[in-house]
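Here's the letter readout for the chains.
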Amino acid sequence: MALTEERPLALTTGDEVTVDHEPLGVFRRPTATEGWRSWVTTVDHKKIGIMYGYAAFFFFLVGGLEALVIRTQLAVPDNSVVSAELYNQVYTMHGVTMVFLVIMPMAAAFANYLLPLQIGARDVAFPRMNAFSFWCFLFGGIFLNTSWFLGGAADGGWFAYSPNTGVVFSPSHGLDFFTLGLLITGIASLVSSINLTVTVLNMRAPGMTLMRMPVFTWMVLVVQVLLVFALPVITLALILLLFERLYDAQFFNPEAGADPLLWENLFWIFGHPEVYILILPSFGIVSEVIPVFSRKPIFGYPFMVFSGIAIGFMGWGVWAHHMFASGIGPISVAAFSLSTMFIAVPTGVKILNWLATMWGGKLTFTTPMLFAVGLVAMFTVGGLSGVTHSVAPSDTQQTDTYYIVAHFHYVLFGGALMGLFAGFYFWWPKVYGHFLGERLGKAHFWLMLIGFNLTFGPMHILGLQGMSRRIYTYDDGLGFNMWNFVSTVGAFLIAVSILLFMANVWTSRRKAKGQPAVGPDPWDSRSLEWMIPSPVPEYNFDEIPVVTSRDEFWTRKYGEDENGKVVRLHSADEVCQKPGATGIHLPSPSYWPIVLSAGLPFIGYGLIYSLWWAALGGVLVIAGIYGWALEPADDDENPHGHDDHDDHDPSGDDAVAADEPVDVPEEAPVG
Amino acid sequence: MADTATHDVTLGEAFAAEVGSGHHATNTGYTNEKLGMWVFLGSECLLFGGLITTYLLYQDRAVEGPLPKDLYDIPFTSVSSFVLLMSSLTMVLAVSSQVQGDLRRARTWLVGTALLGATFIAGQVYEFTSFVKEGMGYTTNLAASAFYTLTGFHGVHVTVGIIMLASLVALSASGRLGQDRAETVEIVGLYWHFVDVVWILIFTIVYLIT
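Note that the protein sequences, when read in sequence, are chains A and B. FYI, this note's numbering numbers position 261 of the first sequence as 291, with every residue one higher than the one before it. FYI, this note's numbering numbers position 136 of the second sequence as 1035, with every residue one higher than the one before it.
It should be emphasised that the hints constitute simulated quantities derived from the structure, not laboratory data. Heads up, a few of these hints could be off.
Said to hold, decoys possible - Some chain A residues close to chain B (C-beta under 8 Å, calculated; not the full set):
#	residue
1	Val106
2	Pro107
3	Phe156
4	Val263
5	Thr265
6	Leu266
7	Leu276
8	Tyr277
9	Gln280
10	Trp513
11	Phe515
12	Val519
13	Leu523
14	Gly657
15	Ala659
16	Glu661
Claimed, not checked - Now the stretches of chain B that chain A is said to cover, found in silico as 3 or more residues with beta-carbon under 8 Å:
#	stretch
17	927–941
18	956–962
19	969–981
To be verified - Here are the in silico distance ranges between beta carbons for each label pair:
#	chain 1	residue 1	chain 2	residue 2	range
20	B	Ile1108	A	Ser424	40 to 48 Å
21	B	Asp1001	A	Ala365	55 to 63 Å
22	A	Leu291	B	Thr1018	52 to 60 Å
23	A	Tyr639	B	Ile1108	39 to 47 Å
24	A	Ser640	B	Gly1074	24 to 32 Å
25	B	Thr1018	A	Leu116	49 to 57 Å
26	A	Gly549	B	Cys944	54 to 62 Å
27	A	Glu285	B	Ile973	42 to 50 Å
28	A	Thr578	B	Ser977	24 to 32 Å
29	A	Ser424	B	Thr1018	42 to 50 Å
30	B	Ser1073	A	Leu291	30 to 38 Å
31	A	Val421	B	Ile973	46 to 54 Å
By construction, the Cβ of each residue, glycine as well, lies at the ideal position given by its N, Cα and C atoms.
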């Protein structure tokens, strides 16, 4: 018996309702379900998640190439592969790309794909806004990178400290591309964060209480709340900088009496929560992977959740540890030192809980597990060097040295990126119906681990020896030569390991051709997304599950005998939902999200070059907003379809079927 | 929201029967759209918080030119603040008429709200013009830049609100905004009240406490 819902999302009663079927794919709006059109107009959270993943991986290659340029330049002293000017642009764009165009959207890929599945929903709260977020991010990222061909990229570091980023010191348009590009991707993140917050709060399956949600979902929720409140701060800072650069406003000019710390404070009030925005999704991924391959529930679930929330709160009170050397005064330094030491506690709780989850477990070291354990180990190293920064006198020594570079690569590469790769290997069979190759996967892991430690390990030493960040070369005879060379070798090993990953994606896909898809539950997992077929059908759940416990899927498969020993009650096949539901209504595809987001880069070019471009962009945006708002949600041609005549039937069953579709454009006039 | 209201009750009962709780169709009982607007407004708080902080930091800093606080015309701004405040009243009346299904009256109140908002904007344009005439341009000094950016951002928000109100009126006039979609009006109302509350803060902090 199929569940038929007009309202594909919020309605999660699990009621079994039989209504006349309406076949999929009868949309009068864009109709393609395959081919590029279906991707351009899709509002399906899974397709959007996949597009996020590929786009982020593309930018990962761009950012990786920039990293290789940096390491090639620094391989030997007095090198001249790139000029000082170009070097400034390359390291700036490396940071900007990796933070805003790689780790954030890659985490968004997982969040988009998995969040509705893990809470038992059919889509996110606002499917069209979800598509808008993706296109906005993609166009913003492309806009940002076109600066390379239009007179040079941003050259002020990813933190863009003013007044160094004023027109006087950075006369090219690079920083204008930086501010406008980040404003556009900021819109993407803000819309997406509102969307996912509402999804988690509103659309959980019956019985899926907050404290039954998987840890990944929890961490994503914390991240979205952080984004909701952190993004307006960077938006404001970027707008002030933009107005100063374009319209000669006075905000950061010390000659006019400006406070040089204004930018630093605004940036890091955003910037430190941002650090947790980058790492927490990976913490969530690892918290899903480790229990599965330890065959134990996560140790101390409430501690995991509340330490994540604690990190989210405390993340707002530590920003000035980025500014110990800026003269903020001894009281501030002491306060922020203490808060920085404190924030290590919830992070430590998480690490201990992962270890305790593995303790006594039946461990299998598959590739995703290797990456997950890699995160635990490497993040611990980065966390420890982070604690050394909280000691202000020591931090003053380390500020602007390679020690800092080593630290944040251990947390962002060894932490965030390792976790994301664990996620790729773990959920690949769910998304594509086939595994990634284990042998190549393990080669990828070990090569990446070794390359990573060779690249960033020596930077601790270089930093303590006094090598500055952000310099394009160094003199011979300072004792920097050997470790810099080792670091460069390591960077190329990482590049090779990424090639292995790509080869793995390619070969495993070829091998899987013609083979039947792996079952719904290839790893013997615990959460709801494994209860449905792989690849996931368009409508996600045949029947919305009613949740009765944490690790719902696991408890449906396993129970305990009288001695407390775990015994299998049902095979996965018995528990899993079978494909083949019909008559489930899904939100209709739409052209407007891409139209609306396509206008934004034109406005960007317009502000930099000529307002005519901005006018063109403005037309697209206005057309997009009104097309979106007026797109019939209740019209006959809408998938609302032939149930319409039941609209006023007060009987319960029909009410379920005839409830208004979720993407009524109520939110649209807001833009 | 007659239809949906009925549905919601039925759904809520169905849900309650299913899982033994008194929840609505959504877990929180608020529709996605309304909850989304609340989250968005939460985000806006920090945008205006940052703008107000920037102004407070710079309100006395001017190497040349007058400070904003030297030019304030408090009686004039009080009147325009009062106008904006009254627009919240008309907004409430518009929502209430829409809920009761009196669409004509709802349109009248929506037009009234938009006109009051437009009056406020006209006042702001007049204020800016007179400040510039008195020698305080956008780039004259730090305090001026911070002042114009803060109040300008608020003005843009009011303008967006006016556009939304006008769109609602157009939708309503073409029969696309019936009683069943009263919540749409309510959500625009949430935004409008928020922008109003922000102005009360700005008027108090920026204009009155100097």
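### Query
Going back to the hint list, which numbers does this structure go against?
Structure breaks hints 1, 2, 7, 10, 11, 12, 13, 14, 16, 19, 22, 24, 26, 27, 28, 29 and 30.
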